[in-house]
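Trainee: Read off the chains here:
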Amino acid sequence: MTGGGRESEGGEEEVRGARRIPGPRGAADDLDLASVPLPPLPPPGGSAPDEAVPEQSQPASASASGDAPESDAGEPEPDLGPGPAAEAWPEPGPCPEPEPGPEPEPADGHPHPAAPEPEPAAPAAEAWPEPGPGPEPADGTPEPPAPDPLVSSAPVVLPHQVLKALLGAWALSACSAEETAAVEDHLTGCAPCADEALRLRDAVGLLHTDGSLDLDPTLRTRVLDGCFGRRPARIPVPEWAAPYDAETARLDALLRDIGDSEWHAPVRLQWFEEERRVSRRTTVAGVIGHLMAVDGLLSAALGLDDPLDGGKAPLDPTERTETYWSATRRPPTRAVREPWRAQSHELIRTASFAGRNVAETSVSYGAFALPLQDAALDRAFECWVHGGDIADAVDYPYPAPSAAHLHRMIDLAARMLPAALAGRRSAGLAGPAKDLVAAGAPGRSLHLEIEGHGGGDWYIALDSPAAVGAPERAVAQVALDGVEFCRLVAGHISPVEAAAGQEGDREAIRDVLFAAASLSRL
Amino acid sequence: MAKDTAPRWDRRMQQRLARGEAAALGELYDRFAALVHSQAHRMLDDEDAADLVTREVFAQVWENPEAYDPKQGSMRSWVARLTHRRSVQRLRSAAASSYAAEHGEGAVPDPEELERRVRSATAAARADYIVSSMPVPLREALELAYIHRRDYRQTAADLGVTEDEARRRLRLGLQLLSTANARPLEGAAPPGYGRVR
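Same order as they appear, the protein sequences are chains F and E. Heads up: the first sequence at position 8 corresponds to 13 in the numbering used here, and the numbers run straight through without jumps. Heads up: the second sequence at position 135 corresponds to 227 in the numbering used here, and the numbers run straight through without jumps.
It should be emphasised that the hints constitute simulated quantities derived from the structure, not laboratory data. A couple of the hints might just be wrong.
Said to hold, decoys possible - Listed next, the stretches of chain F that the computed footprint assigns to chain E, with coverage defined by at least 3 CB atoms under 8 Å from CB atoms of chain E:
#1 163-177
#2 229-240
#3 250-260
#4 440-446
#5 482-494
Unchecked claim - Among chain F residues calculated to face chain E with C-beta under 7 Å, some are:
#6 L203
#7 R204
#8 L212
#9 R225
#10 H350
#11 F519
Stated by the list, open to error - Pairwise CB distance ranges (calculated):
#12 E:N156 / F:N362: 50 to 58 Å
#13 F:R420 / E:A188: 52 to 60 Å
#14 F:P241 / E:E205: 45 to 53 Å
#15 E:A110 / F:D230: 15 to 23 Å
#16 E:D140 / F:P241: 46 to 54 Å
This one's a predicted model, so the numbers in the text were calculated from it and none came from an experiment. The C-beta atom is built at its ideal place from N, Cα and C for all residues, glycine as well.
Next up, chain F with everything else stripped away, as it sits in the complex (with noise of 0.2 Å):
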């Protein structure tokens, strides 16, 4: 098949929805930051906010701010430690330049001499005017003693520490009208509040809420085969785990830009059992916990540990994601994406140092067995249809997989339909065999011609899985589009509703439709 995963798959980056400051969109480790519990941050009155407030042209000294509250976590996350300001490109050093010795706050011209800048933190503490559970004393109260004859003509006369403390608020135009008039008046009178509030509304400038846009999902392709192409790899991703290496990444991009609530968006899965469609709910979340539950069959596969209590879990991929969900007291949350991608991460780095040894070992799923080639792109299907759920339940775009591993993707499909269709019937759910040939002679075969992105042309054999498909004995034609055929191996579409283009034997067509959905399970 043509392709290599370089179509261009348009339309992914412009519809999400939510605008956000595209910080957050940064990179993996914003996981890390978000899981991570919110860091006890200091005491409101507590951390001397004068001390928060270095007078400063320096980033140095802002980050050591910016620094104070995480540094309380016991996470020494070095992106947040020495202060990410700090760490950015120019200055590779910790500290990049010098402090300007003692702070120049309270120093001349100052308009405040009654009330001096605390600097030296503890009375701070008490300088900062929180009284206790006493209003806000912007609520129109008017402080009882604010004598500062500077600000006395303003409409609501606040303390200097008040309004300094306003500042940020301020800039970002979110404290009420007499709030803003009261630092306005301040800032005519105050020349360091008057410094930081150009800083800061300086600064505000720099937020943007759009450019959130994402990755196109092929680049990752691009990039990594360009650094192959410039260094080979010593020890490559074996070419069958190259699907599973593609779909869990481009799942995991998802996840990391969706937000905690979506975790526990409803999904609906779907699957065909007993001739009919069946469905479960779970949460976003308690799919990745499937997933997850259901790879570590390939971890075991290649002796590392699976991710449900070694070797006594069962085989079966339905009961052993019944068994995940069920030991899981609590509903699953984002915390499930941490284990689950580690999983795969493990798997791809394991299979690539294994490599070609490992590719026909086998991996039981209980009722049937696949080599691990096999396997792993089983899972990288599992993935994407699974992605595509959570993409569905969440109202984000999710395109199929490149071309070329959705061609195997259905290339496994249509290698695994003769035996499901023996298996059908042998429980007289499929018509009888009408013509056994020897063992790898060509038999009666079904053409599956897949139109479109990842297609081509299977001969399925029809009556028997020992029977070789073959183009001279077709005595029947399905065309159907890749997506379309893949949903229906999902189990997303029912093989009556498979719009196929249909030609030559009915029973044949029906047996080979409904064997398709066959493979589906949850």
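Let chain F serve as the given structure and place chain E on it in line with the hints.
Mentor: Positioned in the frame of chain F, the structure of chain E alone reads:
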């Protein structure tokens, strides 16, 4: 999770890249591609150029992972520096060629104007980096106030913190952000990105 967050992850990643593990490069991409691409896009305002910078940055890391020095900071900040440098190069060459196209061959854009553009693009990209790296509580407060137009009292209620705390977070967040505008030392030297190792 703590096990993989800190320098350990960075060092291990460096070793794996040096060893030529393709899977490591994939993991690196998964972690940093959005950062690199969005930063390049913010500086260059061009999707194709951002794609190109992304490819160059990852190629550079892949070809020479030894260049990363954990003592100089996190791998994330290193990758951000590489991205900045590449983006500045691209910004300069794009400006030069589009100017030449407009004003005839050999014409050179006003160096001051070019430096101004480089500086403002740098500040914008730095701001994004700062927002993405700042402690979550500060970022959340900024998002509520800036994007959702919540005042600080509503922000406090949304976050379940005191109004004092909400004001503090907004101010602190903006203070951090304002360092993006701080004229970097390198700004003094004509080739602005020269200092970045």
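Trainee: Does each hint hold? Answer for all of them.
Mentor: Going through the hints against the structure:
{"no.": "1", "hint": "163-177", "verdict": "holds (count 7)"}
{"no.": "2", "hint": "229-240", "verdict": "holds (count 10)"}
{"no.": "3", "hint": "250-260", "verdict": "holds (count 4)"}
{"no.": "4", "hint": "440-446", "verdict": "violated (count 0)"}
{"no.": "5", "hint": "482-494", "verdict": "violated (count 0)"}
{"no.": "6", "hint": "L203", "verdict": "violated (9 Å)"}
{"no.": "7", "hint": "R204", "verdict": "holds (5 Å)"}
{"no.": "8", "hint": "L212", "verdict": "holds (5 Å)"}
{"no.": "9", "hint": "R225", "verdict": "holds (6 Å)"}
{"no.": "10", "hint": "H350", "verdict": "holds (6 Å)"}
{"no.": "11", "hint": "F519", "verdict": "violated (38 Å)"}
{"no.": "12", "hint": "E:N156 / F:N362: 50 to 58 Å", "verdict": "violated (31 Å)"}
{"no.": "13", "hint": "F:R420 / E:A188: 52 to 60 Å", "verdict": "holds (56 Å)"}
{"no.": "14", "hint": "F:P241 / E:E205: 45 to 53 Å", "verdict": "holds (47 Å)"}
{"no.": "15", "hint": "E:A110 / F:D230: 15 to 23 Å", "verdict": "holds (20 Å)"}
{"no.": "16", "hint": "E:D140 / F:P241: 46 to 54 Å", "verdict": "violated (28 Å)"}
Checked against the numbered hints above, the structure violates hints 4, 5, 6, 11, 12, 16; every other hint is satisfied.
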